[in-house]
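**Q** Line order of the protein sequences matches chains A and B.
According to the numbering used here, the residues represented by the first sequence are 1 to 387, in order.
According to the numbering used here, the residues represented by the second sequence are 1 to 387, in order.
It is possible that some hints are incorrect.
In silico EDC-like pairs for lysine to aspartate or glutamate, Cα to Cα no more than 20 Å straight-line [claimed, not checked]: (1) B:K108 <-> B:D154; (2) A:K290 <-> B:D73; (3) A:K2 <-> A:E204; (4) A:K108 <-> A:E161; (5) B:K2 <-> B:E204; (6) B:K290 <-> A:D121; (7) B:K290 <-> A:D73; (8) A:K290 <-> B:D121; (9) B:K108 <-> B:E161; (10) A:K2 <-> A:E181; (11) A:K108 <-> A:D154; (12) A:K108 <-> A:D121.
Just so you know, these hints were derived from the structure itself, not from any lab.
There are 2 protein chains.
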Amino acid sequence: MKTPGFQFEVLHADGAARRGRLSTPHGTVDTPAFMPVGTHGSVKGLTAEEVAATGAQVMLANTYHLWLRPGADVVNALGSLHAFTRWPRTMLTDSGGFQVFSLASLRKIDDDGVTFRSHVDGAMCRLTPEGSIRIQATLGADIAMAFDECPAGDADRATVESAVARTTRWAQRCLATPRREGQALFGIVQGGTHVDLRHAHLAEIAAMDFDGIALGGLSVGEETAAMHEVLAEVAPTMPAARPRYLMGVGAPRDLIAGVLAGIDMFDCVLPTRNARNGQALTWHGRANIKQSRNQRSDAPIDSQCDGPCCTTGYSRGYLRHLFMGGEMVALRVLSLHNLYFLGALMRGMRSAIEAGRVRAWADETLTRMREGDELGPADDVPPSPKS
Amino acid sequence: MKTPGFQFEVLHADGAARRGRLSTPHGTVDTPAFMPVGTHGSVKGLTAEEVAATGAQVMLANTYHLWLRPGADVVNALGSLHAFTRWPRTMLTDSGGFQVFSLASLRKIDDDGVTFRSHVDGAMCRLTPEGSIRIQATLGADIAMAFDECPAGDADRATVESAVARTTRWAQRCLATPRREGQALFGIVQGGTHVDLRHAHLAEIAAMDFDGIALGGLSVGEETAAMHEVLAEVAPTMPAARPRYLMGVGAPRDLIAGVLAGIDMFDCVLPTRNARNGQALTWHGRANIKQSRNQRSDAPIDSQCDGPCCTTGYSRGYLRHLFMGGEMVALRVLSLHNLYFLGALMRGMRSAIEAGRVRAWADETLTRMREGDELGPADDVPPSPKS
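Looking at chain A on its own, in the form it has when it is part of the complex (with noise of 0.2 Å):
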């Protein structure tokens, strides 16, 4: 909380949703916020100019990538984050556990912090909670992320209790570790589904001096339901003075219930990700671009959307015809659309709060979601995938 050149201030309050306003030395984040990833510190497929048009105004890159590949060193030497990557406001980095723990093999954990083999070339490699701040300090990120041990969504209570206190122990170890100046440091709650257990690991986390806190653990292969019951019961008791975000999520019936529930920031690599499988986002749910029923279509991706790629004489058929092709400008279009479908839904949701009818906003979205559109059934928004 006394990170210098790091604030967040709530402006409205709707029930529990917040518009907020984060302040990093890298500029302002309004916030309800959606973080795109730059897993390798590049959006997949699209540029940073391409990135801030979709309304974005943080980016998020991996450190268990980077550090693998180029280097925290190499990125240090080519000026830190916001210069190699060429994304000129607020960046977080992750601490790197949760790829050690869903990437990386031969992983063995102990209470000084995890021993792996990197996926990249089988080397070992060892992360603790001291090296993930130091290799964050080194990427130069504006807000850094606490090293957490993240059990899997089918882990058992014990499991689950178990991490919780590792992380708790891991938390205190990253909070006394230097970081780069002017770079503030968010703490992660654990506890799976168990309320209880998120109620009480809040409690100790909310205890310590974090700049910001995180809710790790969810979108992790649980039932939707359970995920929406925890940010429910748990969201609006997290400390209201600091910036609440929720980890890995991106899934829009997903930001929705996260914003109801009074969570300020998100990410998710589901935008791109599902681009790459031929997905778009639209008001009307979820559609598929490789429908032969696209094929001789004139329509946009979504004809209710403003974004650059619905207005601009990209036909359905065309993207289905560069789609199958294996063309890398569907891929690109695709994304682009999807990144500036959740900037525009957390612009909805920023106004509805302002407006004092969130929860409205919220109801009439989810239906229109639901209908689905000319472009295919309106299948379930998909479990969030993660990098």
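Starting from the known structure of chain A, arrange chain B on it as the hints suggest.
**A** Okay, now just chain B, sitting in the frame of chain A:
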């Protein structure tokens, strides 16, 4: 020469080199011009807006590819090629012949046409001169190409003579087939590297009522010196009042040789294909972004380039990192850079012709390109790949 809406004038001459202007129903084209190739209706990795920003005023699309997928009728239903591809300027389609001879299998040629298996789904297809013109009429480019027989670069003289004779017979059939209103038609001169055959075939094709004349069957595996000899001997004798098009050529050295010999139009997939292999075209020769010396380099791809990739903070180190990680943005940036470079090369030659010093400009530029730069040794310019 009588196609309404189609005009060509030579504005300046400097030796054999010409500075001209082509007018079509979709705009003017300053020549000498390089035409980016949108194989499936999209220049690989780039939007139509980006292609236009490199200075390109005409785009080529491949009849063979679009005929097989999505089908010429689909393109027509979606507003024909200009609306389909969102390219509002001049478009040219090839005849499909080159791809039939280079991509299709079980190819069987007879005097009426070619029967072959589609490389997409193995279906038996047949293309004739009349069929090619009809497909091109349906696609709707401003300039169509005659259907020719293009022998391999190592074909013997008898095979080349046979292809020349057949190409002449097919040229007459192409001219006799109705085209889309306002669509120009170019004839193609074959003859391999045999200067006498080239001259004889040129006389036949030039006597026909084509709006422009192309040299086909070059850059198909023959020695560079042999191609340059054909250019120097044949190109200056092509009809002066009509545009001269050298097909499938895009290496800087060959573009310069072509312009000096009086060629007005070129096309090649080289700039985008080389980009996908990590190669950048620069004023100091070819460079490869993959080289480890680029790992910590904060220099742009080409410090002498004033294009959108070299003046906006893309470091070699960042591009190398993205390229090694398979990130699309690296392919985008290198593709855009290479196309911009060729656009700048053509602008440089047009200015030099206007100033009456294109030979000196060519000598200076070729010397600089042979010197190489920090990015790597001054490789020979590679043979031009085809799509």
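**Q** All hints, please: hold or fail.
**A** Results of checking the hints against the structure:
1. A hinted pair counts as satisfied when its Cα atoms are at most 20 Å apart, and K108 of chain B with D154 of chain B qualifies at roughly 19 Å.
2. Between K290 of chain A and D73 of chain B the alpha-carbon distance is near 19 Å, which keeps this suggested pair within the 20 Å criterion.
3. Among the hinted pairs, K2 of chain A with E204 of chain A is consistent with the structure: their alpha-carbon atoms are about 18 Å apart, no more than 20 Å.
4. The suggested pairing of K108 of chain A with E161 of chain A holds, with an alpha-carbon distance near 18 Å, which does not exceed 20 Å.
5. For the proposed pair K2 of chain B and E204 of chain B, the alpha carbon gap of about 18 Å is at most 20 Å, so the pair holds.
6. A hinted pair counts as satisfied when its Cα atoms are at most 20 Å apart, and K290 of chain B with D121 of chain A qualifies at roughly 18 Å.
7. For the proposed pair K290 of chain B and D73 of chain A, the alpha carbon gap of about 19 Å is at most 20 Å, so the pair holds.
8. Of the supplied pair hints, the one linking K290 of chain A and D121 of chain B holds, its CA atoms being roughly 18 Å apart against a limit of 20 Å.
9. The hinted pair formed by K108 of chain B and E161 of chain B meets the criterion: a straight-line CA distance of about 18 Å does not exceed 20 Å.
10. Note on K2 of chain A and E181 of chain A: the hinted pairing holds, with a Cα-Cα distance of about 12 Å set against a maximum of 20 Å.
11. About 19 Å separates the Cα atoms of K108 of chain A and D154 of chain A, which keeps this hinted pair within 20 Å; it holds.
12. Distance hint between K108 of chain A and D121 of chain A is fulfilled; the C-alpha atoms sit about 18 Å from each other, no more than 20 Å.
Checked against the numbered hints given earlier, the structure satisfies every one of them.
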